[in-house]
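Take the given structure of chain A and dock chain B to it, following the hints.
2 protein chains.
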Amino acid sequence: MDNKLVVYNSLSRKKEEFKPINPPFVGLYVCGPTVYGDAHLGHARPAITFDLLFRYLKHQDYKVRYVRNITDVGHLENDADEGEDKIGKKARLEQLEPMEVVQHYTDRYHREMDKLNVQKPSIEPRASGHIIEQIELTKKIIENGFAYESNGSVYFDVEKYNKKYKYGILSGRVLEDLLSNTRELDGQSEKRNSLDFALWKKASPEHIMRWPSPWSDGFPGWHAECSAMGHKYLGDEFDIHGGGMDLLFPHHECEIAQNTASIGENSVKYWIHNNMITINGQKMGKSLGNFITIEDLFNGSNEVLEKAYSPMTIRFFILQAHYRSTLDFSNEALQAAEKGLARLLKGVETLNKLNVSDKGNYNATALKDKCYTDMNDDLNSPIVVAHLFDALKTINSIESGKENIDKSNLEILKETFNTFLFDILGIKNEESEGGNDEMLKDVVDMVLNLRLQAKSNKDYATSDFIRDELTKLGITVKDKKDGFDWEI
Amino acid sequence: MDNKLVVYNSLSRKKEEFKPINPPFVGLYVCGPTVYGDAHLGHARPAITFDLLFRYLKHQDYKVRYVRNITDVGHLENDADEGEDKIGKKARLEQLEPMEVVQHYTDRYHREMDKLNVQKPSIEPRASGHIIEQIELTKKIIENGFAYESNGSVYFDVEKYNKKYKYGILSGRVLEDLLSNTRELDGQSEKRNSLDFALWKKASPEHIMRWPSPWSDGFPGWHAECSAMGHKYLGDEFDIHGGGMDLLFPHHECEIAQNTASIGENSVKYWIHNNMITINGQKMGKSLGNFITIEDLFNGSNEVLEKAYSPMTIRFFILQAHYRSTLDFSNEALQAAEKGLARLLKGVETLNKLNVSDKGNYNATALKDKCYTDMNDDLNSPIVVAHLFDALKTINSIESGKENIDKSNLEILKETFNTFLFDILGIKNEESEGGNDEMLKDVVDMVLNLRLQAKSNKDYATSDFIRDELTKLGITVKDKKDGFDWEI
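Sequences listed follow chains A and B, in order. Quick note, the first sequence lines up with residues 410 to 897 if you use our numbering. Quick note, the second sequence lines up with residues 410 to 897 if you use our numbering.
So that you can see chain A by itself, here it is in the shape it has in the complex:
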């Protein structure tokens, strides 16, 4: 069994064995949300993808420092260098202080992440809380000759950088091609070159979010925050930087340029990107109007949705695709995920009630090994899920007496489900969360025993009454040879 974790590194464009720089420590940085609106499906995917990685690394006994930032300043409309700050705009429209907008959507983001069972990062720094660090980064890049001041703003000099290092190593883009595809500067621009990007922007008089700096009262450029905070909390060099594929260019490309221009190296060993979510085959986006918030999904309040989907259905749906594949949202797919998850959880219940035999014919170690092998293969969660589904068949065969399992294999089987389904995939049983659920179970069992009694007394009126009333309440009763079974 090959127990070495391999991840796809966007930088080398191939799968590489994961070897931390300073084991057992792992530094992991992931780009978090820009908090000017409710979290949507496109936020759920990176959060769950890197939660899977975070959980798996910890399961492998690494000491992980997981930094996921909150972007609350400097992210301008259309990800551009000109225009209104996304949060400033929302604050203007809602007549709030920008930090009220930030707090509101950050709190809501946290609430959704908790429901999705996404573990909290070790550090969740805010861009606005690290202005000094971004100013220091900018100073360093100017000092090293790769940035220039222009009218109170500071720009990264992409062409000059490209002469010494190579701009485009992450995205594979070539500067000359990029330049030929960009409109020429109109002579009015503060930039020397259209590809140059802002490290610091001078604030216009009406701009609220502003801080003093050596160049102007202003605010940091969007790309600066991740370089500054990654460096502050994870050091000059760290293991993994993650984020959505949409951030690869220009955001992450610019981060590499900033890191290299300030400290002489790209800082990050493995760049990992999750693919995008489409909706019925189309790209999802605010501008396209096919945008589904996580809250909509949870309560079914979006006309695209046929019904509400529970947080664990969403989580399971996302993990049933490999993180590097596009994932198409549809009601059918979500309902399939819902059913599949219910089957798995039902299987765990059965598993926990199985009887052991002195001699069994089932080998649970093979299952466990396969799960590790596929998780190690670039976090292949859909295959791990498939292995668990395979094991369900065995569980049912053992329950019905067609197969046997011995004590030690039963323990391994239980441990494998606990480890993979609950600890690593991060599924939790939502049904067992309510406060009085144990009591509900007992009361329903009691009623159904009453019904058995009524039947044995040939009091079919009562027995039918009980079944019909329970059905009305959403409880399905199944008669069995020697008793009953029921589910909500």
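All the given hints hold, so there is nothing to weed out.
Under the rule of at most 25 Å between Cα atoms (straight-line distance), these lysine-lysine pairs were calculated in the DSS-like manner: (1) A:Lys-611 - B:Lys-641; (2) B:Lys-811 - B:Lys-762; (3) A:Lys-850 - A:Lys-887; (4) A:Lys-823 - A:Lys-850; (5) B:Lys-864 - A:Lys-881; (6) B:Lys-678 - B:Lys-641; (7) B:Lys-549 - A:Lys-611; (8) B:Lys-864 - A:Lys-864; (9) A:Lys-529 - B:Lys-529; (10) A:Lys-498 - B:Lys-641; (11) B:Lys-529 - A:Lys-524; (12) A:Lys-864 - A:Lys-881; (13) B:Lys-467 - B:Lys-641; (14) B:Lys-611 - A:Lys-549; (15) A:Lys-499 - B:Lys-472; (16) A:Lys-850 - B:Lys-881; (17) B:Lys-850 - B:Lys-748.
Over the 10 Å line for every Cβ pair with chain B, so calculated as not near, a few chain A residues: (18) Asn-412; (19) Tyr-445; (20) Arg-464; (21) Lys-524; (22) Ser-603; (23) Tyr-771; (24) Asp-799.
Simulated restraints, written as ranges between beta carbons of each label pair: (25) B:Glu-824 - A:Lys-881: 31 to 39 Å; (26) B:Lys-850 - A:Phe-831: 24 to 32 Å; (27) A:Lys-881 - B:Asn-711: 40 to 48 Å; (28) A:Glu-839 - B:Phe-831: 21 to 29 Å; (29) B:Phe-831 - A:Ala-870: 39 to 47 Å; (30) B:Lys-716 - A:Gly-492: 53 to 61 Å.
Hints were generated in silico from the structure; no laboratory data involved. Quick reminder that beta carbons are idealized off the backbone N, C-alpha and C, glycines included.
For chain B alone, coordinates are given in the frame of chain A:
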């Protein structure tokens, strides 16, 4: 009915009518926790006190911007100007990055506050995220002549300030008395005067949390953060500053001095302080070892505790004392609060089932007016609770047919309970929170209807069986003239 809110202003030492500076807007700043350990009873009280105020102001249609900070830097051991940073020390002991400690305890604090049904503030700024603002404040105070640099640190010059303004207006302390009670400086100190306090501290080489400044690489003094963040988010002048009584001196006194030295006025119109919690008559403190965390209370895991207490029990216990009285913790007092709250909630259930008469003799408006009058009297929550208990008697009399209530008074009565118990006191019914509780209720009702049927068929074996089985499960059945009632 006098419907004007009156609050006790620590600054004037009397009750004053609350008149916002710029109605309908209200600016409210409250000192939040220093996040180097788990929240304890001493954190629950200010959080709940100012949550009560926040809820009541919103209920009165004020637009409240509530700022409650997180202290994550600059708070040194023993609240002193020398010694280790509380968070830095914890980080050193646990071999973590200081911001990991901050994140961990901030997340836990949020979790406890959510359980206590404390509403989130509008903005929750972190001290470490506002270093620039604290540097700018320090510059301004130096510029105005009330602070001096000494060996890379900057101190507030209390004696000089006292000559122009008065140091001690909040605490009523007199500078000369303070000076005579302080040991003299040993000639080694950087300070000119022992009462001077740090605005900026130069960091020793081993100090991790440090930022560049015009004076040294260092960190802000503890008192600077609240002045800087209050000013940033609420303006030069704002309505209310709250906190625990233990912060009145020196923390809030120094804040007033900083505000006045930088902008010429004390900034805050109403200073409001909650009193302390004692344990069995003794002051509670980490050093005294009689320290109870909120989590301990929730799960009963502290030898002082006879049992676990639910979040709403804690909340109700705190609100049953006036915020300016000391509140003595004891198991007896908490158990009394638990029982009292259960009675109130049971009363609300009865209330929701009451029948109306054409003509009633109960006047609910009088109750409602009394509740407003006492909330308006410096948030007299214990008296409001007493009024609700009084109303319980009436509710029970109406239920048993001894008194009558007409439709409009019943509506006012329900509205009064909803407004005061749930919206303003912020109590929630913990029993109704579980996911399947509605279903449990329906199933038990169904079983008890079956039992009624059995009884009418004189099938006493079945009717007794049902009652006994439910009793075993912890459900008490009460027979009534025309039906049944039950409770868990």
